[in-house]
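These protein sequences, in sequence, are chains A and B. Reading the first sequence from the start, the letters are residues 0 to 237 in numbering that gives the first Met the number 0. Reading the second sequence from the start, the letters are residues 0 to 280 in numbering that gives the first Met the number 0.
Keep in mind that the hints are not guaranteed to be accurate.
[What the hints assert, rightly or not] Restricting the straight-line Cα-Cα distance to at most 16 Å, the calculated cross-link-like pairs of lysine to aspartate or glutamate (EDC-like) are:
id, chain 1, residue 1, chain 2, residue 2
1, A, LYS3, B, ASP100
2, A, LYS3, B, ASP92
3, A, LYS3, B, GLU71
4, B, LYS189, B, ASP210
5, B, LYS189, B, ASP160
[Claimed, not checked] To give a feel for the contact side, a few chain B residues facing chain A, derived at Cβ under 8 Å:
id, residue
6, THR66
7, ASN74
8, VAL81
9, GLN98
10, ILE136
11, ILE208
12, LEU211
Please keep in mind that the hints were generated in silico from the structure rather than gathered at the bench. Note that the coordinates shown come from a computational prediction; the quantities given were computed from them, not determined experimentally. Ideal placement from N, C-alpha and C gives every residue a C-beta, glycine not left out.
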Amino acid sequence: MFNKSLVVAKTNYRNMKLACILTAIVLGVTLIQDIIMLMLGSANGSSYRGIEGNMNVSFGNYFILLIILSAAFIPGNFRKMMNLGGKRADFFNGCALAYAIMTAAVSLVCVVLYLTYDKFMVSVLYNGGTLDVLYWFGWIDNGAVIAFFQMFAFLFLFAAFVHTLISAQDKWYGWVADILIIAVISVFTPIAPLRASLVWFFNLIIFNSNAFVQIAACLILAVVIYSLNKLILARKAI
Amino acid sequence: MIEFTDVIKKYGSTTAIDRISLKIPEQGIYCLLGRNGAGKTTLMKLIAGHIAVTKGKIIVDGKTVSTSRMPECVNFIDSGSVQFNMRVSDLIDTAAALQDDFDRDFAREMTERFELNPRKKFKQLSFGMKTMLTTIISLSNNSKVILLDEPTLGFDAIMRDQFNTLLLESYQAHPRVIIVSTHLIDDIAKITERLIIINNGKMLIETGIDDLDEKAYTLSGSLSAITPLLDGLNCIGKTTMGSVMAAHIYGERITPPDGVTIDRMSLQDFFINMVGGKGNV
């Protein structure tokens with residue numbers, strides 16, 4: 000069972016070229032921009048006065064794009080996987096494994112880059128700091144290891160959510176889910192009591208002061224949401 | 000092994016399968032015939048649990064089939080199906096890793112015989128080669144039931160002949176239920192043991208090829224000699240040219256009177272007459 004899940008995960012990775020290319024383009028452009036900024040700063044010897052207060056999105060955070068794109072593309076592999084003789088259960092488990100590995104890798108990269116590349120860039124260029132989810136969501140305050148798990152749990156929930164939503168798009172309940180999500184955001188936001196429940200929800204999965212509650216909430220929610228795929232896959236025609 | 004009980008499959012208001020009851024009790028190579036849109040692919044998808052029945056029940060290997068309970072012992076891959084744009088060798092390796100009873104040696108042998116370049120990517124293959132690859136992946140599986148939907152689509156005559164040989168070799172090595180749907184009727188007639196014909200989603204006939212050889216025949220002669228013979232015979236089609244008539248019969252053989260010849264009916268003629276050719280009555 001695990002071997003087949005691993006095969007599904009590997010096959011998904013091998014067929015993520017578009018997601019990888021798009022992410023690589025964004026990363027490449029960001030890197031080139033950083034290098035040019037560094038060269039300009041060094042060349043004029045202005046001690047970066049011209050770019051005082053400058054901020055940029057953390058380099059590592061661009062890797063999150065890979066998660067978003069993968070979760071959008073991987074559901075489309077279902078039929079091809081079945082055409083190779085795969086089973087629905089293998090696809091279900093294999094995709095979960097693919098997201099688990101990918102989100103863990105991206106979280107690790109984000110934490111490492113935050114502590115190395117971003118620190119360096121802040122010291123020499125972005126003296127206004129970097130826009131980093133680890134910082135802005137307060138995860139890094141709990142230390143690098145806990146922050147890694149917090150980010151992993153959140154990204155896994157995010158991947159599970161996008162994957163499930165995309166998987167359901169060819170059925171009526173997918174469209175109902177889209178409408179519900181839009182309705183909840185647009186109706187709950189302007190009405191104060193309802194807004195409070197939205198705030199409570201986001202506090203639970205993102206801004207929770209207790210890292211363990213946040214990690215547990217994200218993982219439980221991810222499992223619940225991803226489990227819906229069992230029902231979706233069971234009804235999916237090949 | 001496979002049992003259909005009053006199975007109906009509807010796509011919206013269109014009935015693709017209409018109250019089919021069918022039993023495939025034993026191993027063999029079965030040929031599934033039908034015109035375009037007759038319901039052949041739907042029938043196969045139902046057996047494999049790729050789509051759900053609207054009504055009725057399908058039992059495969061003692062278990063009821065549904066989309067949530069795809070039978071493990073059935074292997075069905077649509078010949079025209081899209082594959083990952085990976086190398087031929089990688090696709091075969093992936094299929095081998097995903098399937099429990101995959102015969103890697105057989106897949107390799109077939110790849111060599113059909114001169115499929117293992118380094119070529121799927122999108123670089125010709126239409127016929129794409130079909131061949133999918134057919135190889137299907138046939139290399141040693142499941143109890145193999146469903147091949149138009150496995151020779153886009154093949155030239157030599158490839159079709161080689162395919163038939165390999166299908167027989169595969170069956171002899173691993174006897175099982177192999178159901179082949181095709182339009183190339185006379186090709187498959189050389190290797191198939193039983194025949195299933197469906198038309199407009201309805202079952203027309205399920206019979207053995209030997210039985211067909213015996214019961215399907217053509218009476219030729221003058222109109223005046225043939226016409227009186229048709230009373231009491233199951234005439235499935237007839238062609239008249241002037242005063243000469245050819246009548247296609249499916250039933251017990253008769254001893255023809257003088258002036259009337261009796262010939263074996265080809266499977267293609269039998270099929271055309273059964274599903275409604277120009278000369279059909």
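- Restraint status (C-alpha distance of A:LYS3 to B:GLU71 at most 16 Å): 14 Å, holds
- Query: Do the numbers back the hint for B:VAL81, that is, is its least Cβ distance to chain A under 8 Å?
  - Reply: 6 Å, holds
- Query: How about B:ILE136: closest beta carbon in chain A under 8 Å, or not?
  - Reply: 7 Å, holds
- Mind checking the alpha carbons of A:LYS3 and B:ASP100 for me, to see if they're no more than 16 Å apart? Given pair A:LYS3, B:ASP100 holds - Cα atoms ~13 Å apart, limit 16 Å.
- Query: Do the alpha carbons of B:LYS189 and B:ASP160 lie within 16 Å of each other, as the hint requires?
  - Reply: Roughly 10 Å between the alpha carbons, so the hint for B:LYS189 and B:ASP160 holds.
- Query: Do the numbers back the hint for B:THR66, that is, is its least Cβ distance to chain A under 8 Å?
  - Reply: 6 Å, holds
- Taking 8 Å as the limit, does the beta-carbon of B:ASN74 come near enough to a beta-carbon in chain A? Holds. Min distance 6 Å.
- Message: Please verify whether A:LYS3 and B:ASP92 have alpha carbons no more than 16 Å apart.
- Response: Holds. A:LYS3 to B:ASP92 sits at ~12 Å (cutoff 16 Å).
- Given the hint that B:LYS189 pairs with B:ASP210, does the C-alpha gap stay at or below 16 Å? Holds: B:LYS189 and B:ASP210 sit about 14 Å apart, inside 16 Å.
- Message: Interface hint check: B:ILE208, Cβ to nearest Cβ on chain A, cutoff 8 Å. Holds or violated?
- Response: With a closest approach of 29 Å, the B:ILE208 hint is violated.
- Message: Take the shortest C-beta to C-beta distance between B:GLN98 and chain A; is it under 8 Å?
- Response: Given a least distance of 4 Å, the restraint on B:GLN98 holds.
- Against chain A, is B:LEU211 within 8 Å by beta-carbon distance? 33 Å, violated
In summary, the structure is inconsistent with hints 11, 12 from the numbered list given earlier, while agreeing with the others.
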